[in-house]
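**Q** Sequence:
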Amino acid sequence: MTRVLVVDDEPQLVRALRINLRARGYEVDAAGDGRGALDLAARRHPDVIVLDLGLPDMEGTEVIQGLRGWLSAPIIVLSARHGSGDKVEALDVGADDYVTKPFGMDELLARLRAAVRRAAPAEEAAIVRAAGFSVDLAAKKVVRDGTGVRLTPTEWHILEVLVRNAGRLVAQRQLLREVWGPAYETETNYLRVYLAQLRRKLEADPAHPRHLITEPGMGYRFEP
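Going by UniProt numbering, the sequence shown opens with residue 1, and the numbers climb by one from there.
Hints are computed from structural coordinates only; laboratory data are not their basis. Beta carbons: idealized from backbone N, C-alpha and C, even for Gly. Everything hinted at is true.
Cβ pair distances, simulated, as ranges: (1) G217 x A166: 18 to 24 Å; (2) L91 x T152: 38 to 44 Å; (3) R44 x A166: 21 to 27 Å; (4) T147 x G167: 23 to 29 Å; (5) A131 x L109: 43 to 49 Å.
Pairs of lysine to aspartate or glutamate residues, derived as DMTMM-like cross-links and limited to a Cα-Cα distance of at most 20 Å, are as follows: (6) K140 x E155; (7) K201 x E160; (8) K101 x E10; (9) K101 x D33; (10) K140 x E203; (11) K101 x D9; (12) K201 x D136; (13) K140 x E160; (14) K140 x E223; (15) K101 x E89; (16) K87 x D97; (17) K141 x E155; (18) K87 x E62; (19) K201 x D145; (20) K87 x E107; (21) K141 x E160; (22) K141 x E223; (23) K101 x E59; (24) K201 x E155; (25) K141 x E203; (26) K101 x D86; (27) K87 x E59.
Starting from the given sequences, assemble the full structure and let the hints guide the process.
**A** Printed below as a string of structure tokens:
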């Protein structure tokens with residue numbers, strides 16, 4: 001089921017969107033300000049976001065920038081601002097579409113469906129293999145030397161993020177936001193502890209890891 005995050009400080013509009021989206025089979029979360037939106041996105045991982053630009057605590061463009069550091073879900077701006085400058089700025093910082101208020105519900109729903117279709121992930125390998133162990137992303141299982149490896153939910157979440165970005169640097173802040181939420185993005189000691197645990201469970205030589213690589217001062221990288 002597709003999860004939609006609605007971010008708007010107009011309760012009547014949020015209520016109308018919630019009713020219409022749920023009637024069409026969507027799961028709906030709602031936030032009335034930017035901080036709440038960033039927190040909900042980190043905890044609930046929406047598939048698509050409908051976002052107003054005029055929020056009580058920050059600009060919608062700031063929310064987009066905060067999300068784009070780690071979230072690839074499509075963002076549809078829903079705003080009373082009609083100026084081309086506002087539209088260009090929102091699209092430049094990472095929005096995928098822009099709908100002006102007042103709007104037709106059918107048009108918004110059509111744009112939402114199109115955004116979700118475009119964002120549908122390309123088929124990825126369900127099982128990622130490394131020397132000595134394999135990661136089954138669909139079953140959420142790790143097998144090392146033919147034996148299942150018991151991971152805590154947090155260990156799995158960290159490993160999953162790294163494996164899905166195989167070969168690419170995942171910044172410390174991104175990893176902290178995605179696993180623990182925005183309030184923890186400076187707690188780099190969490191990552192040191194959990195990466196050490198993962199290496200003990202998965203690496204042949206934890207002191208000299210081949211697969212769970214630290215890029216000092218930047219982040220971490222998974223090399224199959």
